[in-house]
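Each chain, written out:
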Amino acid sequence: MKKNKNKSQIRALVALTRASILSSFRNKTSLFFNFLFPLIFITIFGLINLGSTSFDIGVKSESVKSGPFYEAISKVTSFNLLTDRSDSQLQDDLQKGRIPAVISIQKSETQVSPTIKIPVYKVDIEKSGASPQGAETVGLVIENLVNKINTSPAVVGHQLVTTNFETVAGKKLKQIDFVLPGMLAFALLSNALIGMSFVMVVMKKELIIKRLFATPVRKYSILLSEMVGKLLIALIQALFIVLFGYFVFHYILAHGLVTIFGLMVLSLIGTITFLSFGLLIASIANNEDSVSPLANIIMMPQLFFAGTFFPIDAFPKWLQPIAHVLPMTFLNEAFKKVAFEGQALSSTLPQIGALALWAVVTYAVVIFLFKWE
Amino acid sequence: MKTKKAIINVENLVKNYGKIEAVRGISFEVYEGEIFSLLGPNGAGKTTTLEIIETLLPKTSGKVTVDGLTLDHDSFKIKSIIGVQLQSVGFHQYLKLKEIINLYAALYDVKVNPDVILKKVDLLEKANSYVRNLSGGQKQRFSIATTVVHSPKIIFLDEPSTGLDPQARRSLWGLIREIRDQGTTVVLTTHFMDEAEILSDRVAIIDMGKILKIDAPDKLVDELLDSGFTRPKETKLANLEDVFLRLTGKQLRTENEKE
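Chains as they are written, first to last, in the numbering used here: chain A, 37 to 409; chain B, 2 to 260.
Honestly, the hints are just simulated from the structure, not real lab data.
Values in this document were obtained by computation on a predicted structure and should not be read as measured data.
Some hints here could point you the wrong way.
[Unchecked claim] As a list, the in silico DSS-like pairs of lysine-lysine whose alpha-carbon atoms are at most 30 Å apart: (1) A:64 x B:127; (2) B:121 x B:5; (3) B:127 x A:240.
[To be verified] Facing chain A, according to a computed beta carbon distance under 8 Å, are these residues of chain B, among others: (4) 87; (5) 104; (6) 110.
Positions of the beta carbon are idealized from the N, C-alpha and C atoms, including for glycine.
Put together the whole structure using the sequences plus the hints.
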């Protein structure tokens, strides 16, 4: 008897989930926000390359931080010398394209005549293959500097600074590799947030839920079916967006299918968290008209401050701590770690944990606030 | 009628919304296989009474049993033997009629052919339409279709004909009688005298949360006449509605009857 009851609840759950998915695909607004909108953004960012105007240059720890070359490079306003990082950290930054180049400066002496020794500076430049455009620019600027020093009247005839360029093997990364994770996270957020809150508010207002309550279906099956429906849509969205990026703009997937799997798992976790915000809005909003402003209050800051378009470091100091704890920031970071840095899913545990914490807190509030009518 | 078995028992039902007493201790029985109407003005407590029996609203006090099941203990079992039409109910706006029927079949855990159900309510040709594309009368008929997918013992209709034109009302009444004739008990609310009189086997007149009288419409009228009542003005044997239906509805009704 009990078994049959469970079976009928599962049948009800499946039927309601199917209804939820069908509705999502037949709703033009939700199709636009779930699929077309992210594609438009990805296409825009796939086609343009935003050049950075300032470059971080790593300086290896054993470098001599004096002499004409060091003085000259310090004066280049578009260069920001990083002197406080360890060599291994710099190497890592270089490989991942976080910085375009690392330099090391060694000083030696050369005998120009039996009595005169002059200092010679040897500059080794390692350029990042992961940030080819930045590395190119930085290389040109450095060569220019060295030429100026070597041709200055005081040293004519003697090469004072020698350079040695070396490109560190790294993946070639493009604008799309930075933007796509953010767009994916945003698409998931809007599906979960707008989709969930609109559906619940409309079902309550139109008495669809009340009518369902008159059938032998459990209340939570109704909620669960909408959540499962949105999660399936999220998976389709994620696969669609990642494959579009991969085939059209050669979006990087560090380990192919394994990476896609990792992105799917993260998409599900992110969507579970985002759904809690959708339910929160459904708990507060009385009608469809109040859904949009509430959804925008939650969505817009995350679109701009979660590091999708601009690095969080570029924001004012007071804003950065807030930007760093937004749920979409965590998902964005996790996506980048997996797709772009090629790390294992387990390395995103801090981000997953943070998303889970957001989920626990928000669902707790939802349980407290949610009303069925 | 008295030989019939009661399928719904309501005893001393009370419902208070805060200080407002919506239902003030009403008692009645509904017999198996009849059309039972709660007739009363808006705000009389009809919908509240209905929704309590439908398990949608908690009662303040009183006892309700539906087909031997008590509301307090077996509300889930009650849900599976009743069909409910709400006043101004909505349906999934992106699902087709057929899909909604299938959805309700799954919720009631029964197997049905949606075409058969839709044919019953004369909406077979609309099987692939959306609810928003139906007329008012079609919407009500569809709403009734969702109440009968699981062949319930009782259906509840809350003001089923409100907002419908005369033809649509007649066609709806025909459908409700058909459902009754197939053995389903029908409980409905209305504020239309004609609906109560023409359609119901028995009527409960309800006002201010209290039942004033329950009986067959004919008997209520006879009783009133027996008490010496006469209308201040003699009415004609036909009224404007008859004229209207004669001029506009005849053809439509015969078409419906053919089905």
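How the hints compare with the structure:
1. A:64 x B:127: Status holds; Cα separation ~22 Å.
2. B:121 x B:5: holds (27 Å)
3. B:127 x A:240: At roughly 26 Å apart (the allowed maximum being 30 Å), residue 240 of chain A and residue 127 of chain B satisfy the hint.
4. 87: holds (6 Å)
5. 104: holds (5 Å)
6. 110: Holds - the Cβ of residue 110 of chain B comes within 8 Å of chain A, reaching about 4 Å at its closest.
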